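J.: Based on the provided sequences and hints, a complete structural model is requested.
As given, the protein sequences belong to chains A and B, one line each in that order. Numbering of the first sequence is given in the numbering used here, commencing with residue 10 and proceeding in unit increments. Numbering of the second sequence is given in the numbering used here, commencing with residue 11 and proceeding in unit increments.
Note that these hints are calculated values from the structure, not bench results. Note that this is a predicted model, so its numbers are computed, not measured. In this text, a Cβ means the ideal position worked out from N, Cα and C, and glycines have one as well.
A few chain B residues facing chain A, derived, Cβ under 7 Å:
#1 D183
#2 R207
#3 A211
#4 D212
#5 V249
#6 G254
#7 C306
Result set (DSSO-like, lysine-lysine): computed pairs, CA atoms no more than 30 Å apart in a straight line:
#8 B/K33 - A/K54
#9 A/K286 - B/K33
#10 A/K312 - B/K227
#11 B/K307 - A/K363
#12 B/K33 - A/K254
#13 B/K227 - A/K276
#14 A/K283 - B/K33
#15 B/K231 - A/K159
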Amino acid sequence: MSVGIVMLVHDAVDRAEQVARHWAREGCPVVIHVDRRVDRETYDKLVSDLSDLADIRFSVRHRCEWGSWALVAATQTASELMLSAFPDVEHVYLASGSCLPLRPIQELRDYLARHPRTDFIESVTTDEVHWTIGGLDAERFTLRFPFSWKRQRFLFDRYVKFQRRIRFKRRIPADIVPHLGSQWWCLTRQTLSAILEGPERRRYDKYFSKVWIPDESYFQTLARQFSSNIESRSLTLSKFDFQGKPHIFYDDHLQLLRRSDCFVARKIWPNANKLYKAFLFDEPVSTSSTEPNPGKIDRIFAKAVERRTQGRPGLYMQSRFPREGFENGKTCASYSVFEGFSDLFEDFEGWLGKVTGARVHGHLYGPERVEFAGNQTLFSGALCDSADLRDYDPKGFLTSLIWNTRGERQCFQFGPRDNQEISWLMSTDTNAQISVISGAWAVPLFHSNLNFSEIRREAARLQRVESAHLDILNSQYTKARVRIWKMAEFIEAPMEPLQTIIDEIGVRSTRRLTEVPKMSDLTGFGQFLRNLKNQGMQPYLMGDFPVENEDPRRLKDRRRPYLVR
Amino acid sequence: MVRALRKRRELEIVQDNTNSIRKGDILLFVTMRNERIRLPFFISYYRALGINHFFFVDNDSDDGSLQSLLGQEDVSIWYSNASYKRARFGVDWLNYLQMRYAHQHWCLVVDVDEFFVYPFCDTRPIRALTDWLDASSIRSFGAMMLDMYPKGSLQDDPYSAGRDPFEIASWFDSGNYMISRNDRYGNLWIQGGPRARIFFADSPERAPALNKIPLVKWDRKYAFVSSTHMLLPRGLNQVYDEWGGEKISGCLLHAKFLNTFISKSEEELKRKQHFASGKEYQAYHDRLKESPEVWCKWSEKYINWRQLEILGLMSKGNWA
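T.: See the structure below:
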């Protein structure tokens with residue numbers, strides 16, 4: 010009529026004592042196995058401290074190294090003692106010294122009484138597991154492991170490699186199918202005694218004693234041999250991180266553990282006083298639901314592993330500084346880069362802000378200062394408008410800006426006058442939407458009051474810079490959404506491209522654009538380009554312009570008036 | 011390390027309670043000079059986190075700092091009147107003491123104005139962290155310095171002994187940090203925050219380093235190279251992940267910008283015992299005289315570690 014607890018104790022002996030006392034007080038016989046590595050004095054103290062309880066036994070001690078056969082041997086001897094010393098025991102529950110029962114023991118007993126012939130042991134074939142560490146799942150059963158993984162990692166790894174190279178394979182006994190699963194199970198007397206008293210046990214033991222981490226496979230495999238009814242899950246809530254190390258529970262997990270409705274949790278931090286007090290000494294809280302429900306805890310731990318392995322995309326910080334190519338997202342959110350638009354249109358920023366509702370900056374990489382939206386000197390995250398500071402780490406400046414403004418679309422102007430250091434970052438960033446009107450940098454030159462020789466020199470420089478930038482945007486490595494128009498081509502029909510870009514930003518509405526940004530006066534621009542050409546500088550990025558001394562805006566208006574509804 | 015041994019002669023023991031240190035105790039090491047006003051809160055903050063023993067090196071204080079520590083059972087004190095600068099800003103002294111006393115202990119090395127914050131520090135003592143680091147075979151733990159400042163002038167709300175400095179200096183910069191990799195030692199070099207923004211906007215290369223590795227499972231073979239910014243052997247500096255994941259990390263809240271700062275920078279200017287002959291302090295001094303406000307409208311008000319983790323300044327890694 011009862012459940013017996015086999016308890017494996019390695020450290021935190023005083024906590025183990027409290028837990029054993031709790032089990033025994035609630036009427037469960039307990040067999041304790043104490044790791045041989047615990048010193049004699051501590052062991053004797055534990056034995057004498059628990060001597061007032063009749064139903065506690067201590068089994069022969071083994072020296073338990075992680076991943077070794079000794080853990081199974083310890084479980085076997087303790088289980089044998091349990092079965093022989095307590096003939097009433099129907100289920101045997103394997104627990105550790107750092108396990109903590111979360112629900113009243115009576116509820117566990119009731120639960121097992123409702124499942125009288127059921128073995129609760131997680132047991133899956135090697136094809137179905139994905140949680141094993143070191144990539145060793147099937148190979149656990151076919152290689153030899155004479156070296157300790159914890160103490161002799163180098164030899165361990167080399168020997169595994171060596172065996173792989175010479176294609177060494179142990180033969181798995183023909184009558185078993187290897188299964189893996191959580192070390193913590195609850196088996197019926199029938200199944201457990203069948204495993205322990207089976208005629209083939211010596212043969213199995215001999216085989217498994219050379220398997221790696223047999224405590225996760227011995228009972229899990231043999232239960233499949235003998236059990237009539239396996240529920241392939243553990244009644245112990247035990248979560249592992251990506252290194253195969255159990256997650257630990259602390260005081261602040263109290264509510265989570267309460268709501269999990271699990272019977273037993275592992276592993277508890279020995280100094281989690283609140284947890285021990287709540288679950289061992291306070292009035293037990295009876296739960297309404299009967300089935301364990303660890304969903305929420307699962308999610309929290311899964312998230313922790315994800316944070317450790319994948320991290321937050323677009324975040325660069327003291328403990329996440331990915332190498333190039335391993336960023337898992339170079340920036341954290343989509344943003345738009347406009348090149349040439351503010352040269353061609355008057356107050357383009359104001360217009361764009363109005364139609365999209367996004368945050369529209371000027372030239373963030375301008376040579377004199379960072380032109381934040383609204384002419385601010387500081388911006389989100391306390392980024393500073395100093396060009397020196399920005400140019401000290403130009404890529405970091407952009408990734409920080411995008412990170413700091415999560416939830417708000419950022420747009421900024423860019424051009425050949427600006428710091429070009431971020432070209433590769435932007436073009437290889439899937440979050441970037443880059444729209445270029447090539448050659449539009451000539452418009453401010455055209456309007457400027459400089460001497461023509463200076464204009465020519467500057468035009469040549471800007472063309473060189475922009476051309477190098479366009480090469481990057483056109484390269485095979487580009488992942489950004491890039492659109493490039495030659496200036497001449499763009500002003501032929503500006504509405505269509507603008508509409509496409511705005512739709513893609515998709516912040517405000519999908520209605521047609523009703524207001525057009527005002528294009529600057531281009532009367533004589535064709536002649537200006539021709540003059541440059543005549544002076545020996547070949548402007549080609551803007552495409553072919555007619556040389557009529559007329560504003561090409563009007564020219565085009567006549568030809569194809571663009572419709573505004 | 012040889013330096014550390016040579017510099018030990020400059021240290022004179024004042025109060026030795028090191029006999030009370032037990033196996034597994036968590037130790038704290040600090041050098042100071044004229045910090046009496048800060049000591050009461052400092053000690054109570056770290057006692058509450060679960061520090062078992064404090065190692066103080068007093069560099070010739072004349073304000074009674076040393077006297078105020080006498081008689082406390084978890085405090086051992088050394089005194090030196092030698093040059094702070096020539097002991098590489100105290101690093102040599104601490105390296106020696108750690109070599110001697112900290113072998114196989116977790117130890118935290120901070121300044122008196124630095125307050126260690128780590129994931130779950132409001133619900134789990136520092137031993138929960140070090141136990142977890144041990145179980146994960148992690149030997150060193152990074153915590154970036156976060157400069158805290160008040161809203162308004164530094165003089166508005168003067169600090170008094172025992173008070174939580176972050177009641178006054180409760181603001182920080184959340185997202186203007188610049189990071190590069192130091193190939194020689196393998197550590198990250200982080201600059202930024204209010205000090206870069208205000209004092210070094212036109213010479214960012216001179217802005218102070220904010221990367222720190224204050225918590226280390228010490229071994230007598232280890233040594234700090236320059237303050238706690240980097241360590242030897244190099245592997246200890248690998249507190250960041252390079253393959254996209256996040257390692258666990260914390261922050262050192264830096265209570266520098268209080269009213270005490272102005273008189274301190276004047277004193278430091280006279281002593282010229284800091285980096286680059288106190289150029290840093292010169293910059294602070296000049297700038298704070300003309301406009302003493304560090305706060306701006308994008309400043310973030312400190313709430314707790316969870317806020318810092320959401321902002322991406324620190325990370326829980328896979329601790330949950």
